[in-house]
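For chain A, the structure is supplied; the task is to place chain B on it using the hints.
In case you want the letters, here they are:
Number of protein chains: 2
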Amino acid sequence: MEPNNATSMHSHCVDITMEVHQVVPPPYKSTLQKFKARLKETFFPDDPLRQFQGQSLNRKLILGAQYVFPILQWGPNYTLKLFKSDFVSGLTIASLAIPQGISYAKLANLPPIVGLYSSFVPPLVYAVLGSSRDLAVGPVSIASLVMGSMLRQEVSPTLDPLLFLQLAFTSTFFAGIFQASLGILRLGFIIDFLSKAILIGFMAGAAIIVSLQQLKSLLGITHFTNQMGLIPVMSSVFHNIHEWSWQTILMGICFLVLLLLARQVSIRKPKLFWVSAGAPLVSVIISTLLVFAIKGQKHGISVIGKLQQGINPPSLNMLRFHGTYLGLVMKTGLITGILSLTEGIAVGRTFAALRNYKVDGNKEMIAIGFMNVVGSSTSCYVTTGAFSRSAVNNNAGAKTAVSNIVMSVTVMVTLLFLMPLFQYTPNVVLGAIIVTAVIGLIDIPAAIHIWRIDKFDFIVMLVAFFGVIFISVQLGLAIAVGLSTFKILLQITRPKTVMLGKIPGTDIYRNLDQYKEAERIPGFLILSIEAPINFANITYLNERTLRWIEEEDNIKEHSNLRYIILEMSAVSAIDTSGISFFRELKSTLEKKGVELVLVNPLGEVIEKLKKADEDNDFIRTDNLFLTVGEAVASLSSTMKSQSSTMTEGAQTIVAHY
Amino acid sequence: MEPNNATSMHSHCVDITMEVHQVVPPPYKSTLQKFKARLKETFFPDDPLRQFQGQSLNRKLILGAQYVFPILQWGPNYTLKLFKSDFVSGLTIASLAIPQGISYAKLANLPPIVGLYSSFVPPLVYAVLGSSRDLAVGPVSIASLVMGSMLRQEVSPTLDPLLFLQLAFTSTFFAGIFQASLGILRLGFIIDFLSKAILIGFMAGAAIIVSLQQLKSLLGITHFTNQMGLIPVMSSVFHNIHEWSWQTILMGICFLVLLLLARQVSIRKPKLFWVSAGAPLVSVIISTLLVFAIKGQKHGISVIGKLQQGINPPSLNMLRFHGTYLGLVMKTGLITGILSLTEGIAVGRTFAALRNYKVDGNKEMIAIGFMNVVGSSTSCYVTTGAFSRSAVNNNAGAKTAVSNIVMSVTVMVTLLFLMPLFQYTPNVVLGAIIVTAVIGLIDIPAAIHIWRIDKFDFIVMLVAFFGVIFISVQLGLAIAVGLSTFKILLQITRPKTVMLGKIPGTDIYRNLDQYKEAERIPGFLILSIEAPINFANITYLNERTLRWIEEEDNIKEHSNLRYIILEMSAVSAIDTSGISFFRELKSTLEKKGVELVLVNPLGEVIEKLKKADEDNDFIRTDNLFLTVGEAVASLSSTMKSQSSTMTEGAQTIVAHY
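Taken in sequence, the protein lines are chains A and B.
Numbered according to UniProt numbering, the first sequence spans residues 1 to 657.
Numbered according to UniProt numbering, the second sequence spans residues 1 to 657.
Don't take every hint at face value.
For each label pair, taking beta carbons as the anchor points, the in silico distance ranges come out as [stated by the list, open to error]:
#, chain 1, residue 1, chain 2, residue 2, range
1, A, Pro232, B, Pro313, 45 to 55 Å
2, B, Thr42, A, Glu154, 38 to 48 Å
3, B, Arg620, A, Lys271, 32 to 42 Å
4, B, Thr42, A, Ala65, 48 to 58 Å
Derived from the structure by calculation, the hints contain no laboratory data.
All C-beta atoms in this analysis are idealised placements derived from N, C-alpha and C, irrespective of residue type, glycine included.
Extracted from the complex, chain A is given alone in its bound form:
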């Protein structure tokens, strides 16, 4: 049925009388009750304890255990069939995890082995605590980059590697603590302030920063800047042209092309996901053999070098909670924590939506946080749910977190027996792997989409992007977040006020600009305020309303303004300043001989207005209506009865009935 053409139904004759419905305040609630309700909505909007209601104690205990350890939910009915697919996907992500782990560790200026450590313990922890079935856990490029750059500002990883490592672990510890407490304190909504627009801009910027860092290994430069920004890196690249090694460059280009091709294949044909998934490991193997064969390191191709064997050594003794660097590690922990958390949660939500199950944000935060706390005491640096890895995991048909366990076992085997093989792996290939991985973070279509829909969001995105490239990762982010928060505040300080008109033949009143057919009603000025009224906007609202009135007075035919109707359906809240706004407005209007009428004030608003009313009545039942239609109708009938000359406005109304 096409709504615009009228569908006439069996219509019968009814005797309509103009009835006026009253605005009533909501049923009384004590301050404590309100406070409780508010608290619940703020911190427990998902109502996690719902499932416990009306269960036996025994059942409650089981549910509780399952709530804390999701593995107890799906573990019991885990089948061999599920394991098969988990096994395949586990091996696949392992083949990606090993080279990525080594590369990202280098990105964070940490020994390559730490990257592998971080792909061993954390996945096991997540498998027990995590509620996502697709998340593949491990170190990620952005968090690695940020941690490396922040720590490097105060400690040199080359001059004092031990201290640097200690600080990295301590930062990881704080990141974990911070993430877990966000979840426990139910403050998960804080990460919502990293809006989609910000993330797109930030990720693109970070991708470029990361790729720039790879120029060191891709060009085989030995003296490279410690800074991250576009300008310093570029200058250091072109001031060291004499260091460029053509062998390295050649090798780099070859593998870069190989990896990018593999990526394209998998993008074109999702069934061939394993091509891009396997490519990194393959290129590591090939390049290693190549270097070993041609004694590449003699031709200026730098290699990883010796890596000690064995699984993660305990690192609890390496956490430093004292001394000069405490501030630094806490700051680093906070920022890397929130960044990795955002990526982890976003990835988790994405795949949950894809496969139609729910992940509990706050629970995920606790899982990820705990994972990092454990990691920090087992020689791992900050880890989270990695986007690229999880995508591969999902494509490879992972069914449960068991794929994480398979991956971590594979990594363990590598750590125990296969480390010597990596001795001749050239750094240039690791660089190529990173570049290929992060290029996927640049999402042009999304940027265009944002431009089309919301220009301001686009600006925020650009700010994040250029901020990250030219200033610094954390500052760029901070500015972008500040800007988008400022926009929200601006919407409050400058709320929209629109003039409503009557849509002919109905009782519907709508925005005059939007609905051209809507018509003014002489003697009435009908305004709709579209924001909570509070200290931040009463001055503006006052000036704006007075301007509406003055503009009225200038129009001759409307000069006989009698009533101002404020449609308050959109005023969701009000504070003491808001109350005083109405009081002042009313007195100003009385001086002009205009009466103030309120329509449909919502629960909280009418409640407060009535409370404030006890001392001075500016809310009487005859200037308070439930709908604009009723207000206009009853007021114009009074106008009629009062004034001898009857306005057309009233006529139309009466005609309508």
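The following block gives chain B in isolation, referenced to the frame of chain A:
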């Protein structure tokens, strides 16, 4: 007429057919047009150039001049009659200004004479530029206190008085620059963030801090703490009991009682305003004579001492824009500037509203700012429209800013000839004057009012109060502002979503909690979202909506949920994240076999939804309606035609027609 009982009008029979009106996007505007409109609403809501429209060039020039120098508006038609009342009020406030000036200067740890200087030049400047007729200009207690305390944290006024004076003048200069630029850049709304609640708490706190500082002179203590907080002051008071001088205390009590009595008299009988207005000068004269007679200073009563004669020396050469203290003076300027600005604007608005004329906030800021810039180069420290003084001014019948000129001339005469008389004025009396002045800032009834209307505002007020008393003036303020801003953000991150029901016998849908008679319609879940939808709240909205639905499913009789209607009249804005929210919600609902229906999306919202729709249609005309009534009606008719079993909901609807 009583609205609740139905007023039956001439009702005639009409043949109603169920008509469905379409939601239309607003007429096309280019990004630039939108941007301009937004800019205007943000920075020129009062539309200051309105009066210039359609005037001759000549007239425009005159209007322009009058706009910059309000004195040109009222000057020409100034009469002797007006002058008489201005003269009286001018003298009255002068008698208050002289002792207050001396006292407040001491409060700011500045030489007393500076207080008099500051009551001479600034009033003249304001008389030319200011647009308020009642504002009496001069130094004020709070700004003096804050400036004194902030500067004293880094420089001792006793050890290095010259440097301290230079910093005070420089801070005043920056305060003026800051105030003026706020006005010029039309950023006046920034001071709105000091809400009424904050100011009440802050003023009360400041009053107590100021009074505590007076214990030094009231008890005659010589070794007094440099700090402001309650605890340090109290401890220093009781650690120096041996320094207390009974003569000083006795004198202090006498004059304190005298002044408080005078204040009471004027509060009881506003006609006797001159009693409290004159009291300070009277007590200064009496106490001075007394001390002179009994050689008080020999009995341990400390006096002001010699004051040099003559009017303001130029102080341009004393402004320091370099060196270590630049940061300090800028910070001090910023904070004292915003504080004095807030007081000035608030006072101006209050009396303007009282006498029904308008003051232009941004123009006032420019006037006050310029006043302070000039002041800083003529040995004045920060000044503004003082509340107590303006109240007296208004009571004394001031008609124009001429009263300020009269006051400043009187002060000039004092500076030129009467300074020696103040040599024997005891500090204890000045202390008593300050205490009496600031006690008026503690507004208990207002606090109670706030408690009754809005508990959160009350908490903010307490935070400001205790923050000022126990931490520091600027930090206490900052925390309070942060808290109230956080509340606004919380309203956005946790928007209200309420379930609507049909008010029987009407087409009106309202909140089910608020309107008990309203009834659900089976098969429908009607939700109203009461905030802009953006990155900060989509996660919450998603969870909340899903919870609404799950709760539905648990109720057996509603389990046949077919449609979710989102009433969007209160969604004033949306961003790209908001768009994605709708897309995700729609797909989730489709999985549950529920259809998403939108009602009355406002201009901006429908516009963006349609834009986003170009690639994937989730907005079709048959799930987009102008009112809930029409949506329910037409949807239940389709339901009827589809499903063989017809729900009662549809019946009621049909019955209604």
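**Study point:** Enumerated hints in conflict with the structure, sorted upward
**Key:** none
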